Amino acid sequence: MEIKRERVGTGGAGSSGSDAAGGVPLVDPRALRVNKHDSKELLRGGELLGATAPASMDGDELERYVHERVLTTTVEKAVAWGRSNSFFPLAFGLACCAMEQFQTAGPRMDIGRFGFEAFRASPRQADLIILAGRVSIKMAPIIRRLYDQMLEPKWAISMGACCSSMGVFNNYALVPADKFMPIDVHVPGCPPRPEGLMHGILKLRKMVQDDPDAGWRERYDARGTEEILRDEQVGPGA
Amino acid sequence: MPDATGLELLAKELRESEDVGARAILGTLHFRGRATLEVAPDNIRAVLASLRERGYTSMMSVHGVDYYPHEPRLGVHYELLDMSSVDRMTVVLRVSTDEPVLDSVTPDGEDGRGWPTADHQEREIYDMFGVVFRGHPDLRRILMPEDYEGHPQRRDFPVGGEPVIFTHNEGESHGVTR
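Protein sequences appear in the order of chains X and F. For what it's worth, the working numbering labels the leading residue of the first sequence as 1, then goes sequentially. For what it's worth, the working numbering labels the leading residue of the second sequence as 1001, then goes sequentially.
This is chain X alone, in the form it adopts within the complex (with noise of 0.2 Å):
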């Protein structure tokens, strides 16, 4: 069998251009129905409209039609691309980078194309804390239980030059992010540009995907932080 990438035509008389300049037919879109259409019906094990209908096929035609169709992977890879693609950023800001963190999520950038839009209000409903602005030394110790309180897997983005090495205010009050937690990905910038943390974001989706263990979380003591009431602490009626 052979196979053509073929580009999708609107089907109109006008539309034939790519038709005209490199002699490719245009699929026709009822095409795609049919497909869409035999598809549902081979789980089913229903009657096939399409011409390559597997239901005649036996033998290295059927395998070869099954090898084009399925993609295998291991469960790490395909549990570490959804996870990749639906972070929940905690609803969190600390100063002038905050600003850009929300632009980020506006309409302008739309971090939804990602699937990272859904920010929650609860550290226990989140898997992301962006570090947006100042961390000042009587903050840190609310952020460090913020980021106790997130449930596995859990990453942490430091945004804007200040809470990565204090920027501007490097004196008395602040501390950086470093220093009480693990951070996965530095967002350098005063501020960054709403395109600096999605980059940012994209980053660390490429480290959710690729799965680099770094060896963060170990030497910041920061497994197994979560804060969860055992059963017995739980009396009855909860």
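Treat the hints with care, since some could be wrong.
What the hints assert, rightly or not - Here are the in silico distance ranges between beta carbons for each label pair:
| # | chain 1 | residue 1 | chain 2 | residue 2 | range |
| --- | --- | --- | --- | --- | --- |
| 1 | F | L1009 | X | P188 | 51 to 61 Å |
| 2 | X | G224 | F | L1143 | 30 to 40 Å |
| 3 | F | D1156 | X | M99 | 20 to 30 Å |
| 4 | X | L229 | F | D1156 | 22 to 32 Å |
| 5 | F | H1168 | X | L202 | 21 to 31 Å |
| 6 | F | V1086 | X | E227 | 48 to 58 Å |
| 7 | X | M99 | F | D1003 | 43 to 53 Å |
| 8 | X | F169 | F | G1021 | 37 to 47 Å |
| 9 | F | P1137 | X | K138 | 20 to 30 Å |
What the hints assert, rightly or not - Here's a subset of chain F near chain X, in silico, CB distances under 10 Å, partners left out:
| # | residue |
| --- | --- |
| 10 | G1055 |
| 11 | P1137 |
| 12 | M1144 |
| 13 | P1145 |
| 14 | Y1148 |
| 15 | G1150 |
| 16 | F1157 |
| 17 | P1158 |
| 18 | V1159 |
| 19 | V1164 |
I should point out that these hints are in silico values taken from the structure, not numbers from a laboratory. Nothing here was measured: the structure is a model prediction, and the numbers come from that model. We treat Cβ as the ideally placed atom computed from N, Cα and C, and that holds for glycine.
Given chain X, work out where chain F should sit, using these hints.
Using the frame of chain X, we list chain F on its own:
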């Protein structure tokens, strides 16, 4: 603002009044249209009370200053406003770092009503400069953590700051436990 002449007249009036006295007013300063009255730290409540009788009924803010290397080093500025004639007055006092103690103007004292505005601002001056306000209802740190040592806005306090942590010097970080 009272002009330079008006400021002198006000200072004279206060010096001759019974409840303030001549020793309370250390001097006057009229600079760039701002009238400033320098007073002795012990008399701050009496001065502010008599200024309130003269129309300066609103305290806008209280500030701390470190005049290092001049002595006495620490200063406290009270910014008053006469809201009916839109007239401002600054009252300044100086205390030394050896004994940075003066009366708080927050609570209602024997000499009259207090100034509720000064509550948090005196706490901030205590936090940042270490000036102790005697009689303040709740004198504790307001910005820095409660277990913080030192008063960071004093001029001889180190600026501080942290070295930036990269992977190569990560072991020097407090956050890394192993």
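Against the range 21 to 31 Å, how does the distance between the Cβ atoms of H1168 of chain F and L202 of chain X compare: consistent or not? holds, 26 Å
Less than 10 Å between beta-carbons is the criterion; does F1157 of chain F satisfy it with respect to chain X? Because about 7 Å separates F1157 of chain F from the closest Cβ in chain X, which is inside the 10 Å limit, the hint holds.
Status of the given 20 to 30 Å range, CB of M99 of chain X versus CB of D1156 of chain F: violated, 36 Å
Does the closest beta carbon of chain X sit nearer than 10 Å to the beta carbon of Y1148 of chain F? holds, 8 Å
With chain X as the partner, please determine if V1159 of chain F meets the hint condition of a C-beta pair closer than 10 Å. holds, 5 Å
Taking 30 to 40 Å as the stated bounds, is the beta-carbon spacing between G224 of chain X and L1143 of chain F within them? Holds, at about 34 Å.
Can we keep the P1158 of chain F interface hint, with Cβ of chain X closer than 10 Å? Because about 8 Å separates P1158 of chain F from the closest Cβ in chain X, which is inside the 10 Å limit, the hint holds.
Does G1055 of chain F meet its interface restraint, that is, does its C-beta lie within less than 10 Å of any C-beta in chain X? Not OK, violated: G1055 of chain F not within 10 Å of chain X, min 39 Å.
Holds or violated: the hint that P1137 of chain F contacts chain X, with Cβ atoms closer than 10 Å. violated, 22 Å
Does 48 to 58 Å hold as the CB distance between V1086 of chain F and E227 of chain X, or does it fail? For E227 of chain X against V1086 of chain F, whose Cβ atoms are near 55 Å apart, the range 48 to 58 Å holds.
Min Cβ distance, V1164 of chain F to chain X: is it shorter than 10 Å? Cβ of V1164 of chain F sits 4 Å from chain X, so the hint holds.
Cβ separation of P1137 of chain F and K138 of chain X, checked against the hinted range 20 to 30 Å: Holds - the Cβ-Cβ distance for P1137 of chain F and K138 of chain X, about 22 Å, lies within 20 to 30 Å.
When the structure is compared with the earlier hints, violations turn up for hints 3, 4, 10 and 11 and for no others.
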